[in-house]
Amino acid sequence: MNVNPNTEKPIFIQIAEQLEDSIFTGVFPEETKIPSTNEISVLLNINPHTVLKGMNMLVDDEIIYKKRGLGMFVKEGAVKKIREKRQAQFYDQYVAALISEASKLQMSKEEIIALIERGYEHERHSN
Amino acid sequence: MNAIQIKNVTKRYHDVTALDHVSFSFAFGKIYGFLGRNGAGKSTLINIIANRIFADEGEVLVDGIPARENMLVHEKLFCMSEADLYEKNLKVKDHFKWMQRFYDCFDLDKAFQTAEKFELDVNQKFKALSKGYQSIFKLIAALSLNVRYVIFDEPVLGLDANHRELFYDLLLRDFETREQTIIIATHLIEEVANIIEEVVLIDKGKVLLQESTDTLLETGYCISGLAQDVDDYCRGKNVIGYDELGSLKLAYLLGEKAQLPQGSHLQISPMNLQKLFVKLTEKGGN
Amino acid sequence: MKKLKAAIQYECMTSFKYIWYFYAIQYAIVLLISLIVAIGTGSFDNIGSNCLEINSLIFVGILGALGYREDFRMLIQNGFTRKYIFIATVSLYLFISGIMALVDTIMGNVLHAVRPDYFSLYGALYGYHNVLINWLWLFLVYMAVCFLLYLMILVINRIGKTASVCLGVALGGCVLLVFALFRFVLPGRTVAAIAEFARNAMGFMGDGTVYHAFPVLTLLLLGGILGIGSFAIIRRTELK
Chain R
1 MNVNPNTEKP IFIQIAEQLE DSIFTGVFPE ETKIPSTNEI SVLLNINPHT
51 VLKGMNMLVD DEIIYKKRGL GMFVKEGAVK KIREKRQAQF YDQYVAALIS
101 EASKLQMSKE EIIALIERGY EHERHSN
Chain P
1 MNAIQIKNVT KRYHDVTALD HVSFSFAFGK IYGFLGRNGA GKSTLINIIA
51 NRIFADEGEV LVDGIPAREN MLVHEKLFCM SEADLYEKNL KVKDHFKWMQ
101 RFYDCFDLDK AFQTAEKFEL DVNQKFKALS KGYQSIFKLI AALSLNVRYV
151 IFDEPVLGLD ANHRELFYDL LLRDFETREQ TIIIATHLIE EVANIIEEVV
201 LIDKGKVLLQ ESTDTLLETG YCISGLAQDV DDYCRGKNVI GYDELGSLKL
251 AYLLGEKAQL PQGSHLQISP MNLQKLFVKL TEKGGN
Chain B
1 MKKLKAAIQY ECMTSFKYIW YFYAIQYAIV LLISLIVAIG TGSFDNIGSN
51 CLEINSLIFV GILGALGYRE DFRMLIQNGF TRKYIFIATV SLYLFISGIM
101 ALVDTIMGNV LHAVRPDYFS LYGALYGYHN VLINWLWLFL VYMAVCFLLY
151 LMILVINRIG KTASVCLGVA LGGCVLLVFA LFRFVLPGRT VAAIAEFARN
201 AMGFMGDGTV YHAFPVLTLL LLGGILGIGS FAIIRRTELK
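Residue numbers (this note's numbering), protein chains in the order written: chain R, 1 to 127; chain P, 1 to 286; chain B, 1 to 240.
If you're looking for bench data, these hints aren't it; they were derived computationally from the structure. Where a beta carbon is used, it is the ideal one built from N, C-alpha and C, also for glycine.
Capping the alpha-carbon separation at 25 Å, the derived lysine-lysine pairs in PhoX-like fashion look like this:
| id | chain 1 | residue 1 | chain 2 | residue 2 |
| --- | --- | --- | --- | --- |
| 1 | B | Lys5 | P | Lys91 |
| 2 | P | Lys97 | B | Lys2 |
| 3 | B | Lys3 | P | Lys88 |
| 4 | P | Lys76 | B | Lys83 |
| 5 | P | Lys93 | B | Lys3 |
| 6 | R | Lys53 | R | Lys75 |
| 7 | P | Lys76 | P | Lys30 |
| 8 | B | Lys2 | B | Lys17 |
| 9 | P | Lys91 | B | Lys17 |
| 10 | P | Lys88 | P | Lys117 |
| 11 | B | Lys3 | P | Lys97 |
| 12 | R | Lys104 | P | Lys257 |
| 13 | B | Lys17 | P | Lys127 |
| 14 | P | Lys88 | B | Lys83 |
| 15 | P | Lys76 | B | Lys3 |
| 16 | B | Lys17 | P | Lys97 |
| 17 | P | Lys117 | P | Lys127 |
| 18 | B | Lys240 | P | Lys76 |
| 19 | P | Lys117 | P | Lys97 |
| 20 | R | Lys66 | R | Lys33 |
| 21 | R | Lys53 | P | Lys257 |
| 22 | P | Lys93 | P | Lys125 |
| 23 | P | Lys237 | R | Lys9 |
| 24 | R | Lys67 | R | Lys85 |
| 25 | R | Lys53 | R | Lys67 |
| 26 | P | Lys88 | B | Lys17 |
| 27 | B | Lys17 | B | Lys5 |
| 28 | P | Lys91 | P | Lys117 |
| 29 | R | Lys53 | R | Lys9 |
| 30 | P | Lys125 | B | Lys17 |
| 31 | R | Lys80 | R | Lys66 |
| 32 | P | Lys30 | P | Lys110 |
| 33 | P | Lys110 | B | Lys2 |
| 34 | R | Lys9 | P | Lys30 |
Chain B regions said to be covered by chain P (calculated; three or more residues, Cβ under 8 Å):
| id | stretch |
| --- | --- |
| 35 | 4-14 |
| 36 | 63-77 |
| 37 | 80-90 |
| 38 | 229-239 |
Looking at chain R on its own, in the form it has when it is part of the complex:
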């Protein structure tokens, strides 16, 4: 884990995203404990309240939950939830940005579709 103070993204959101990513990629499997706020705070030299704020975002999204006296645990079904969330965000995050940049570069819809197809082709060959 690492945070970058020089991006526009607030630190607590960076923490939430990185924890979410770790859960999604299986670093912290479902129903296991994730590191405590204190551990993360000491590791990254970040105010524990900031870490907690990031974790609370994941609690609100029902990705992790608090076991009283034990710490934060990954919720059952968290990975599925994250996948669904990211699929829902896919359009805003990638497609909209793609189209906006393409129009700046005066690229046509057909050119973009061709590029996407080339990307898939490349993916298939490299696998």
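Once you've looked at the hints, dock chains P and B against the given chain R.
Then chains P and B, alone, in the frame of chain R:
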């Protein structure tokens, strides 16, 4: 009230006003960055809080108790200062032992353990320590006291990167379990930017701003582009400073980010705390 | 009270060893002088030095004055109030003066008994009749000197170097003025009355008897005034 309340504090030295009717509070349970340029009045205020000097007007309350000449705040407040006030002929371990007699909340075992982590030789006299290790000794003394309010005045001065890292580690490790207020007065803003929760910026004896770090980082931003475009954008907004690079102009702003007009060539980028303070205190200087 | 005790202990325990350094050096020097005199004259009849208490007087004064800065800083750093620091300092003075008065009383009497030509300061003034009064007198003199130098150092610290020098010059001028006043201006009767009062204050009565209660009261009064003066200054003293 659970806080250090600074009420209308004024301090003058001959005809120089070091603090000019300063009022604000350090709330309990937060980590504060207490920032300002040299001579802004930081040390003066810290010295007044710690009963080392007296305010000409106003008062400081610690949890509602006046801090001036009052032993009731002895177990509540500790100030690690840049100035060397410790007896130079005493060995480090003897300093620890005396602190244990002076304070109920001093953890002697912890002091020795922490000294070991920093590789501080406790059999040395204070005066035989290098500048860096004198700072380390003072940090260990402050870290081993379980007081409600602890003030660090330039804590990492003369420390190498490893020791700085270790200090921040130890500080944060204890912070959650202890319930403390930590006030860090420093010039090294970037180093503490992620640690501090709230910022108090003092300039020319007055509080320039008190704000949560998150809010500051959210509201502070930089606009760059052609001078004309930048000036158009900035009209009516809270601009705290400019930089110029040939025809490229950078403006630093505080406040809600307005959407860039369609097809604009302006660029928005985040502003870090360091930049924010430099610009804010520069503005005060003009 | 626990904290006050700790502050007092700190003051006393960190100064304790210096008392013995002082005596070790003083008596080493006395011994050396005696040896030189003995080698020179071929006899051990002369000790060579009288009134060793004068040395102690200088020592307690220096300890009292020099200790101020370091101890004030140390105790302020450890969160003590000026009131506590003052009480701890006074306790230190009581402690040092008590011990040194005791040592000097014993040594003064022993030395005089061994070598009748040696006179201690007290013995020379009042004789060797009452050991307890001897100790009390010395103790109070040391205390008064401590307070005097403490007050002086506090004043110097408070008003700064330049102002202190001016004050010193002014005080010196005053002393000269008073002397001149005594010699040339005031009528002989008044001067005699003042001298008589001063002698009485130190216990020397007109009829040649010695009244021990008077110097005790005088020194207590002097110490008290200097002490109150010191407290009045230290409670407003800021860290520099």
